[in-house]
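Undergrad: Okay, here's what each chain looks like letter by letter:
Number of protein chains: 2
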Amino acid sequence: MPNPPTKINTNEIAQNFLNKFDTFLFDCDGVIWSGNRLLPNVKEFLEKLRHLGKQFMFITNKSTIPRKQFVEVFKSFDIEISIDQVINSAYSSAMYVRDVLKLQPGKDKVWVFGECGIPEELNLMGFKTLGGVDPRLNEPFDAATSPFLVDGLDEDVRAVVAGFDSKINYHKLAVTLQYLLKDKEIPLVGADADRVFPERGRVLPGAGPMVESLAFQSGKVPTYCGKPTMNMLNVIVSSKHLDKSRCCMVGDIMEVDIAFGKNGNLGGTLLVLSGVETEKSLQEPKEGIPTPDFYAENLGAIYNLLK
Amino acid sequence: MPNPPTKINTNEIAQNFLNKFDTFLFDCDGVIWSGNRLLPNVKEFLEKLRHLGKQFMFITNKSTIPRKQFVEVFKSFDIEISIDQVINSAYSSAMYVRDVLKLQPGKDKVWVFGECGIPEELNLMGFKTLGGVDPRLNEPFDAATSPFLVDGLDEDVRAVVAGFDSKINYHKLAVTLQYLLKDKEIPLVGADADRVFPERGRVLPGAGPMVESLAFQSGKVPTYCGKPTMNMLNVIVSSKHLDKSRCCMVGDIMEVDIAFGKNGNLGGTLLVLSGVETEKSLQEPKEGIPTPDFYAENLGAIYNLLK
Ligand SMILES: [Mg+2]
Ligand SMILES: [Mg+2]
Chain V
677 MPNPPTKINT NEIAQNFLNK FDTFLFDCDG VIWSGNRLLP NVKEFLEKLR
727 HLGKQFMFIT NKSTIPRKQF VEVFKSFDIE ISIDQVINSA YSSAMYVRDV
777 LKLQPGKDKV WVFGECGIPE ELNLMGFKTL GGVDPRLNEP FDAATSPFLV
827 DGLDEDVRAV VAGFDSKINY HKLAVTLQYL LKDKEIPLVG ADADRVFPER
877 GRVLPGAGPM VESLAFQSGK VPTYCGKPTM NMLNVIVSSK HLDKSRCCMV
927 GDIMEVDIAF GKNGNLGGTL LVLSGVETEK SLQEPKEGIP TPDFYAENLG
977 AIYNLLK
Chain A
677 MPNPPTKINT NEIAQNFLNK FDTFLFDCDG VIWSGNRLLP NVKEFLEKLR
727 HLGKQFMFIT NKSTIPRKQF VEVFKSFDIE ISIDQVINSA YSSAMYVRDV
777 LKLQPGKDKV WVFGECGIPE ELNLMGFKTL GGVDPRLNEP FDAATSPFLV
827 DGLDEDVRAV VAGFDSKINY HKLAVTLQYL LKDKEIPLVG ADADRVFPER
877 GRVLPGAGPM VESLAFQSGK VPTYCGKPTM NMLNVIVSSK HLDKSRCCMV
927 GDIMEVDIAF GKNGNLGGTL LVLSGVETEK SLQEPKEGIP TPDFYAENLG
977 AIYNLLK
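Chains V and A supply the protein sequences, listed in that same order. The numbering used here puts the first residue of the first sequence at 677, with every later residue one more than the last. The numbering used here puts the first residue of the second sequence at 677, with every later residue one more than the last.
Careful, some of the hints might be misleading.
Note: identical chains are not told apart, hence a pair may lie in one copy or across any two.
Straight-line alpha carbon distances no greater than 20 angstroms define the calculated EDC-like cross-link-like pairs of lysine to aspartate or glutamate that follow [to be verified]:
{"no.": "1", "residue 1": "Lys778", "residue 2": "Asp705"}
{"no.": "2", "residue 1": "Lys962", "residue 2": "Asp859"}
{"no.": "3", "residue 1": "Lys843", "residue 2": "Asp810"}
{"no.": "4", "residue 1": "Lys920", "residue 2": "Asp810"}
{"no.": "5", "residue 1": "Lys860", "residue 2": "Glu963"}
{"no.": "6", "residue 1": "Lys896", "residue 2": "Glu931"}
{"no.": "7", "residue 1": "Lys843", "residue 2": "Asp818"}
{"no.": "8", "residue 1": "Lys778", "residue 2": "Glu756"}
{"no.": "9", "residue 1": "Lys896", "residue 2": "Asp810"}
{"no.": "10", "residue 1": "Lys843", "residue 2": "Glu815"}
{"no.": "11", "residue 1": "Lys744", "residue 2": "Glu955"}
{"no.": "12", "residue 1": "Lys916", "residue 2": "Asp698"}
{"no.": "13", "residue 1": "Lys783", "residue 2": "Asp830"}
{"no.": "14", "residue 1": "Lys956", "residue 2": "Asp859"}
Honestly, the hints are just simulated from the structure, not real lab data. On a predicted model such as this, the values are computed, not experimentally measured, just so you know.
Given the sequences, and given the hints that come with them, work out the whole structure.
TA: Spelled out as C-alpha cells, the structure:
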C-alpha cells in the first residue's frame with residue numbers, strides 16, 4: 677500500500693514540499709487557469725519558484741494550439757515564459773512522428789485530424805501537412821466531389837495524427853479513414869486519449885473519443901503521445917536532461933497527470949483540487965488509478981502558506 | 677471444421693438451395709441494391725420466390741430512415757412490399773427500448789443521436805424523443821447558450837439511442853454525453869456496430885465508430901440492436917413466429933450478415949459477392965468470423981440458373 681496523500685496545509689509541509697524538488701511540471705487547465713481565467717496567486721507562486729531558482733515547465737494535453745500560442749496566453753496573464761517551457765500533445769506528437777516514426781521532413785507528409793496546434797508544430801519541423809483546419813473540410817461530404825478524394829489520395833502521406841477537433845464532421849472522419857486504410861503501414865498517432873475535459877461545471881468530450889472512433893473504423897491501434905504516456909515524458913526528458921528524482925508533476929486529473937508522474941518514476945506528484953478531481957474523488961480512488969504524494973486546494977493555497 | 681461454402685453455380689444446386697428454406701432474410705445494401713441502383717434481376721428473383729410461396733423479409737442495419745421509407749425505396753424500383761417485411765436497426769432499437777428496457781410510451785423520453793429513422797420509429801410507438809435531427813443541433817456548440825443545456829436536461833429522458841449520423845458534430849456529441857452522464861442508470865443503446873459501409877468502391881465510416889465514441893467518453897458499454905446481435909433476431913422471430921431451421925440469411929458482409937445467421941442458429945446462410953466481400957475475402961476468412969453455407973456472385977446469378 678502506498679502512503680496516503682499528504683495534504684499541504686502548513687508552512688512546514690509546504691517548505692518541505694518545495695525543498696524536495698528542483699523542477700515542477702505543471703498541467704495548465706485546472707491548475708494554472710480554469711477556462712480563460714487565471715487561478716488566484718498562480719502568478720505569485722511561479723515568481724516564488726523563480727526566486728528560489730526552481731525550474732518549471734507546462735505539460736498539457738491541449739493539442740488545439742501550438743506552443744507559441746501558449747506563450748501568448750501566459751503573456752495575456754502577465755506571465756513571461758519561453759517557448760521551450762511548454763510541451764503540449766501537439767508538439768509531442770510531432771516529435772514522435774520525426775524521432776520515433778523517423779518520417780523525413782520535406783519529403784514525407786502527414787494527414788491531420790485536429791485543430792491548428794498539430795499542423796503548426798509539424799510544419800515547424802519541416803513536414804507538409806494535409807487536412808487539419810483546411811476550410812474545404814467544413815463542406816458537406818460527398819465521396820464523388822470531395823477535393824480530397826477526386827484526384828486520389830496523396831501518395832506521400834506516411835502517417836495520420838489525430839487530436840481534438842471541436843469542428844468534427846463526417847467529411848473529416850471519412851477522408852481520415854481513407855488515409856488510414858491507404859496501406860497497412862500507415863500509423864494512427866493520437867495526440868492524447870483524454871476522455872473529457874471540464875468546462876463551466878460540466879465535462880465535455882475530449883480528444884480520446886475522436887481518436888478511438890478513428891481506431892474503431894480503421895481497425896488500427898492508436899499510439900498516443902500525451903500524458904500519461906512515456907512518449908510525452910521522453911520528449912521532456914530528452915529536451916531538458918532532467919533529474920527525474922528531483923522532478924514533481926502537478927495536475928488536476930489523477931488518471932492523466934498523477935498517472936503520468938507515477939508511470940514516469942518522477943520524484944513526486946501533487947494533485948490540486950482546482951480542476952476535475954475533488955476531495956471526494958481523491959478519497960475514493962478507482963482501481964488502477966494512482967493517488968498523488970501530495971495534494972492541495974490549489975497553487976494559491978500553497979503560496980499563501982509560504983508567505 | 678465446418679464444410680467449405682457451396683458455390684451456387686448449377687441449376688441443381690440452385691434448386692436444392694431454394695428447397696431447403698421457407699423464409700429468406702435479405703440484407704439490402706450490397707444484396708438488393710448498391711447505393712441507389714437496383715442490382716440486376718433482383719426484382720425477378722423476388723417474384724420467383726413469391727411464385728414458389730416463399731416468405732421473405734429485409735433485415736438491414738440502416739437506421740437513418742424509418743421502415744415506411746424502405747417501402748417507398750422498393751416501390752421506386754417497382755417492387756411491392758409491406759412494412760412488416762422490413763426490420764431495420766432503428767426499429768429493432770425502438771423495440772428494445774419498449775420491450776427489454778420496458779420504458780413507457782407517453783411517459784419516458786429518449787435522447788437520440790442519429791438521423792430520422794430512430795426518432796420516427798420511437799415516435800410510432802408513442803415515445804417522445806429529443807435530439808436527433810433537431811436543426812438547433814446543427815448550430816456551433818457553446819455550453820453557455822446551447823438550447824439543450826441552458827434550462828437543464830430533460831428529467832424524463834430514460835435512455836440514449838445512437839446510430840449513424842452523417843451530420844455528426846460536436847454539439848450533438850456534447851449534449852449526448854450530458855444525457856449519458858445524467859445518471860448511472862441511463863443506458864446507451866447502439867442501433868448497430870457496423871464499422872464501415874461501401875460506397876463507390878470505397879468504405880466510409882459506419883454507425884459503430886460513432887456509438888463507440890460515445891461509449892468511450894461516457895464509460896458506458898453500449899447494447900447494440902442490429903445484426904449480428906440477438907436483439908435483432910428476437911424482433912424478427914417474435915413478430916413472425918419463424919421456423920428458424922427453414923430460414924436463410926442472405927447478405928454481403930460475413931462479420932455482420934453471416935455472423936447473424938450463425939449466431940441465431942438459422943437453417944442456412946448465403947453470401948453474395950455484390951457488396952463488401954470478394955471471392956478473395958471469402959477464401960481467407962478472419963479468425964472468429966464465420967463462413968457462409970452458400971455463396972453466389974449475386975442474386976441475379978441464382979435467378980439465371982433457375983430459368
Ligand atoms: Mg488539467
Ligand atoms: Mg449489406
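Undergrad: Please list, smallest to largest, the hint numbers that this structure does not respect.
TA: 1, 4, 8, 9 and 11
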